[in-house]
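Trainee: These protein sequence lines are chains A and B, in that order. Per the working numbering, residue 1 is the first one in the first sequence, and the count goes up by one each step. Per the working numbering, residue 1 is the first one in the second sequence, and the count goes up by one each step.
Derived by calculation from the structure, the hints in this document are not laboratory data. There could be a bad hint or two in this list.
[Claimed, not checked] Simulated restraints on C-beta separations: (1) 27(A) / 90(B): 49 to 59 Å; (2) 54(B) / 275(A): 18 to 28 Å; (3) 103(B) / 312(A): 34 to 44 Å; (4) 105(B) / 310(A): 32 to 42 Å; (5) 58(B) / 22(A): 46 to 56 Å; (6) 62(B) / 91(A): 54 to 64 Å; (7) 318(A) / 90(B): 21 to 31 Å; (8) 68(B) / 312(A): 25 to 35 Å; (9) 105(B) / 313(A): 10 to 20 Å; (10) 125(A) / 62(B): 37 to 47 Å.
[Said to hold, decoys possible] Away from chain A, derived, C-beta distances all over 10 Å, residues of chain B: (11) 12; (12) 52; (13) 59; (14) 64; (15) 70.
[Claimed, not checked] According to the in silico footprint, chain B covers these stretches of chain A (three or more CB under 8 Å from chain B): (16) 134 to 148; (17) 280 to 293; (18) 311 to 318.
No residue lacks a Cβ here, since even glycine has one placed at the ideal position from N, Cα and C.
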Amino acid sequence: MGEGASALPAFTPVTLLTGFLGSGKTTLLRRLLADPALGDTAVIINELGEIGIDHLLVERLDDQMVLLKSGCVCCTVRGELASAIRDLHSRRERGTIPPFRRLVIESTGLADPFPVLSTLKADPVLRHHFRAAGVVTTVDAVNGMLQLERHIESVRQVAIADVVVLTKTDLAEAPVTARLMARLGAMNPTAPLLSAAETLDAAVLLQSGSGGGFKAIEEPAAGAAPHRGVSAFSIVVDEPLDWTAFGIWLTMLLNRHGERILRVKGILALAGEERPIVVHGVQHLVHAPTHLGHWPSDDHRSRLVFIVEGIEPDLIRRSFAVFNRLNAGIAA
Amino acid sequence: MCSLCGILGANEHWADAAARDGVYTRNADPVARRRERADRVRLANRVLALYGMRLSDWQGASFLLSTFTGKSEIVEDLGHLWPAAEKLCGRPCDPLALEVLTRLDAGHG
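Just chain B, with the same shape it has in the complex (with noise of 0.2 Å):
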């Protein structure tokens, strides 16, 4: 469900597209999957952290989002992990952002 807007069965995020036809994805075989579920977490961290926040993987379906205060949220995919990133720490997160980038830039994580 998707825990934004309550939705079952929410889109198909295409970083997790399903395996079919033509299609580019990771999620072909479990390995495939967890590893970069893993890869996913660790590097997303790396953002999250410059807002006070980490990701940890919920039972291999979902992600859990924690404030470094404790508030927490369970996101789907990284289509919802931005939109809650912002709800959770009450800024925008942007990628644009100068100070941002230098300080990932400079291994603050």
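Only chain A is shown next, with the shape it has when bound in the complex (with noise of 0.2 Å):
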């Protein structure tokens, strides 16, 4: 490791930069980038079709910046991903360009973020170097109910975000952005929800998700509507949890059903733990469970929040419950 290299965290940082066409990606980046507390920011943008135009917006152009020129990120250059990323860790390495302390990753509009998610994690040389930090949803103000309507990337990208960032709310009207509000807030009710509009900290957005604290998730709205298939839903449980027996159940669930799981978050008092542990997945996978030093609130219950699509609530609710019971089973 070089000298240069020598303070820098062990696990660097990756942000996923996502959103629908038009919804204000390259926008927000530029303005997360304008802001020197990230001047230690590598940068790759993905950027469908021949001629890539998105790079052209962002004013800083480096040698930390990467522009993949191939296709939609999530389905043609996951090799070219990785090896974009290993390129910049390399020269890093070298001293060739400055010592970058983040990554972000800005996708295509179209992108489904999760094989960006496991490129990280699958790669023999990134899953050392490389933690995901969070995924950042745009999603538009004026057009954002349409397109949760009518694409259901759109929607996949908002159920596994950890941020969502209302952009363009100075040209909505209001009532459509309260209306797209509460849509968002029920479809993802573990992720904050920010207007770009707001002063936004940069270093706390790029830093959200695994690697962070943990946001007190909030009960989803009683009976709120599937969408587009999509629904959220949370487990509540009043005893310690066993650990093994969960782990067994999360693993075989996700093994049948990992596609249609967006994102399962929760925040578990385990038996014979004092500590909360943390654990968040977005389909098939799933971070390494965190402990946390203290519990967020006063309220010390286990609280799983799903989004899945296409899954009935109940069916899972009992097939937790069910598995939850297995060494009380034995023991009986």
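Put the two chains together into one complex; each comes in its own frame, and the hints tell you how they fit.
Mentor: Structure representation (structure tokens):
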């Protein structure tokens, strides 16, 4: 490791910036990169089509910025994405570029974010040096509702977000924005909803997600109607959970239904543990569980939030309850 | 080595995360690790019995998944267990299947 890299974090956090076509990803990125606090950020921009244009809109063009031109990052350029990150890492180690402390990947508006996250975890080099820090999804206040109605990609991008940034609120009528915010809140109750019109703390935004703190999970609205088959619901358990049974259940569930479980996020009270454990997954990919220093509120019950596509919530609730009794069943 | 894809040093599975700052794991000390592996085998066997299979610890490093008819396969972790189980028994292992839930609830393991 080069001298300059010695002070770097063991794992470079990687933020995925996603959002539907024209939802303001590049504008947000340009704004974030203008923050002096983010001067040590490497950027990968993925563009759809033969002629890339987004990178021209980001004023800071330097050695730490990479443009992937081969197409949509989720289906055609995963190898190229891995190569691009490896190359940035290699150049950082050799000291030929300044030692960046975080990486932002701006995906095409049509990308399914999951393969990008799985590339980070599956690549034998990258998984030792990079960690997914979170997914930031932009939603256009003017066209967002229509995009959610018509494009399942848009729904998925919202469902897996750690933070949702609402853009173009100055162009939308207030009732339209209010309806959209209610819809976004019902679709992904775990993600803070920020307005691009407000002051955004860039460092906090880019460090959000699995590597950061834990936002207290709010109860999804009772009886919230599924949107394009996507629904959010929570499971709350009073008694401490059996970690082993939970692991068997979740791995079995994700193996069979992972593609339709867009997100699972939970804070767990485990038998024999005083401090809470946070689990956080996107489709088949579950991050290493983290130990929180303390409970974020007086409510010390286990809470799991699921965002699923085409699965009946009550079925998951019943399955969870049955598997949670696996150990008790043996003891009985 | 991952027995499914043949890749050396496959992914760290979340249920067996390496001990590091902030990460919750039962891998940190040998006693807790052995106890967790034993519990995992015991509980997984409750479910696997529904499909005519059983799991056993294999040298403290992997697991041996066997069918009641004698087919077997080494699996590394929980992430590989269920794909391997479906391959060996030739049908989906679905925790949402009503028959599975009913039988587990009734204590038939």
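Trainee: Which earlier hints can't be squared with this structure?
Mentor: When the structure is compared with the hints, numbers 2, 3, 4, 6, 10, 11, 16 turn out to be violated.
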